[in-house]
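Sequences and hints are given; from them, build the entire structure.
If you want the numbering used here, it's the 1-based position in the sequence shown plus 16.
Any given hint could be a false lead.
[What the hints assert, rightly or not] Now the in silico label distances, taken between C-beta atoms and shown as ranges:
(1) 275 x 367: 16 to 26 Å
(2) 197 x 262: 52 to 62 Å
(3) 170 x 219: 26 to 36 Å
(4) 314 x 41: 53 to 63 Å
(5) 70 x 314: 41 to 51 Å
(6) 275 x 334: 18 to 28 Å
(7) 235 x 421: 39 to 49 Å
(8) 266 x 205: 21 to 31 Å
(9) 161 x 184: 56 to 66 Å
(10) 367 x 334: 37 to 47 Å
(11) 360 x 336: 17 to 27 Å
[Said to hold, decoys possible] Below, simulated DSS-like cross-link-like pairs (lysine-lysine); rule was C-alpha separation at most 30 Å, straight line:
(12) 260 x 120
(13) 263 x 142
(14) 260 x 127
(15) 120 x 142
(16) 127 x 263
(17) 142 x 260
(18) 120 x 320
(19) 142 x 127
Since the hints were made in silico from the structure, they are not lab data.
The beta-carbon is built from N, C-alpha and C at its ideal position, and this holds for glycine as well.
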Amino acid sequence: MKPAIAGLLLLVLSCKLTVGLADDALDRARDAIAAGQHAQALALLLPMEDARAGDPDFDMLLGRAALETGEAALSLFALERVLAARPNDLEARALLARALFEVKDDTQARKELQSLRTSPVSDAVKDTIDRYLAAIDARDAGRQTWQWQAAYEISTGFDSNVNGATDDDTVTIPGLGRTALVSASREQESLFIAHQLSARVAWRFDPRIHVVGGASVDFRAHTNNQAEGFDHRDAAFDLGLVQKLGKNVFSATVRTQSFQVDNIPIVNQTFTRRTNGLTVQWRHEADARTQFTVFGQGSSISYKPRSQSSRDVLQALVGGGYAHAFDHPGRPTLFLSGYAGRDWPRNDGVAFAGRGFLGVRAGGQYSLREDLDLTAAAAYEYSNYGGVVSLFATDRNDQLVSLRAGLRYVPAEQWLVRPEIRFTRNFSNITVNDYARMEALVSVRRSFN
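Pasting the structure below:
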């Protein structure tokens with residue numbers, strides 16, 4: 017690709033560089049670039065980035081020096097700032113096309129190169145652009161049509177409330193007064209061990225379109241005899257279509273999931289919740305560090321045995337999210353999302369099973385070192401149920417708060433260790449639904465691909 021790079025530089029060098037720099041450091045950096053000493057120029061420019069980022073003349077020098085020293089990702093950020101200030105700058109656009117090619121963002125590189133080709137440039141430059149486009153086509157053709165990934169994860173820890181139940185010994189029932197709860201209806205603590213197997217495949221039948229599918233199965237067992245009835249299994253399968261158009265990614269996924277509790281105490285029956293649904297999502301990559309998402313979901317949720325069928329609902333929700341990776345030590349990332357939805361009862365006379373709900377989530381990650389990250393997340397959901405719960409003669413309102421903090425340690429390639437603490441608190445005006453739960457666990461994951 018050296019001739020191609022040299023040819024594209026013909027375009028870059030043919031555009032007039034108007035930096036007008038006043039201080040000595042920038043002048044020395046510009047002279048170093050002109051002399052081909054790009055590493056020296058980068059060393060001069062980096063200490064000034066925090067103060068001068070956003071100045072298109074400074075960003076142009078930084079983008080060029082970073083690109084020529086193999087720091088294509090750094091170059092991208094600088095050149096995007098240049099184009100935000102000077103969208104018609106052909107020199108910056110040519111450098112950006114090269115940087116995108118180097119980081120293998122072929123979709124965006126192709127877009128920039130095709131745009132450059134329609135600009136008033138020489139035939140020699142157009143030939144160079146054509147060679148880059150051909151190289152992208154060849155790289156696309158060489159990529160695997162099929163990709164797959166699998167993983168096994170084992171977790172062990174302590175759960176203070178396996179069954180998500182109240183810690184009260186009695187509840188007040190209108191007309192009956194204070195009524196004692198049997199032990200199985202109160203919170204049960206236990207040690208546990210869990211296993212999970214998962215696999216995903218992707219089939220690329222177009223450079224921008226993928227069919228994706230996945231499956232996962234997990235099982236969790238408890239050591240406390242009183243909690244053994246709450247051992248559970250979870251199996252899920254999904255199939256979807258993903259299309260990337262420039263900075264936008266569209267996806268649609270169908271999913272089926274079955275969650276099964278072995279043998280619920282008191283009733284001594286297996287409990288099953290089955291969910292079938294469709295999720296659609298639009299993700300916009302505003303820049304290399306920022307993403308916005310909008311999503312919608314529709315699901316049918318049903319319960320077994322028949323005594324639980326009054327809880328069957330149709331669910332719909334919509335929401336949006338924001339994620340940003342900061343250009344600071346520790347590479348901190350932040351995500352925020354919000355959603356709102358509704359459950360409609362599938363049976364007559366059970367309005368209490370329906371609800372309106374809304375929620376927010378926030379979280380982040382901070383790198384302590386190359387193989388160790390700190391993670392944290394928080395979530396809040398408010399639910400207003402649709403009818404009177406006859407046993408308690410009142411409507412139900414819940415506020416669910418969850419907190420999570422942990423570490424992500426990568427001891428070797430394809431290995432992940434995650435110690436984590438989770439706290440859940442559901443505030444409810446109905447005593448049996450009001451509970452707190454604490455989990456402390458360690459997970460070890462091995463990936464295969």
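How the hints compare with the structure:
Separated by about 24 Å at the C-beta atoms, residue 275 and residue 367 satisfy the suggested range of 16 to 26 Å. For residue 197 paired with residue 262, a C-beta distance near 58 Å keeps the hint of 52 to 62 Å intact. Separation of residue 170 from residue 219 is about 30 Å and conforms to the stated range, judged on CB atoms against 26 to 36 Å. Look at residue 314 against residue 41: about 58 Å separates their beta carbons, and that is inside 53 to 63 Å.
A hinted range of 41 to 51 Å for the beta carbons of residue 70 and residue 314 is consistent with their spacing of about 43 Å. A beta carbon spacing of about 24 Å between residue 275 and residue 334 agrees with the range 18 to 28 Å that was offered as a hint. For residue 235 paired with residue 421, a C-beta distance near 26 Å fails the hint of 39 to 49 Å. Here the CB-CB span from residue 266 to residue 205 is close to 45 Å, at odds with the stated 21 to 31 Å.
At about 58 Å, the beta-carbon gap between residue 161 and residue 184 stays in the expected band of 56 to 66 Å. The hinted range of 37 to 47 Å is not satisfied by residue 367 and residue 334, whose Cβ atoms lie roughly 23 Å apart. The hinted range of 17 to 27 Å is satisfied by residue 360 and residue 336, whose Cβ atoms lie roughly 23 Å apart. Restraint check for residue 260 and residue 120: satisfied, since their Cα atoms lie roughly 15 Å apart, inside the 30 Å limit.
Proximity of residue 263 to residue 142 is assessed by CA-CA distance (about 25 Å); at most 30 Å being required, the pair is judged to hold. A distance of roughly 13 Å separates the Cα atoms of residue 260 and residue 127; the hinted pair therefore holds under the 30 Å criterion. Taking the CA atoms of residue 120 and residue 142, the gap is about 21 Å. The hint holds against a cut of 30 Å. Of the supplied pair hints, the one linking residue 127 and residue 263 holds, its CA atoms being roughly 10 Å apart against a limit of 30 Å.
For a cut-off of 30 Å, the pair hint linking residue 142 to residue 260 stands: about 26 Å separates their Cα positions. Between residue 120 and residue 320 the alpha-carbon distance is near 49 Å, which puts this suggested pair outside the 30 Å criterion. For the proposed pair residue 142 and residue 127, the alpha carbon gap of about 14 Å is at most 30 Å, so the pair holds.
Hint compliance for this structure: hints 7, 8, 10, 18 are broken, all remaining hints hold.
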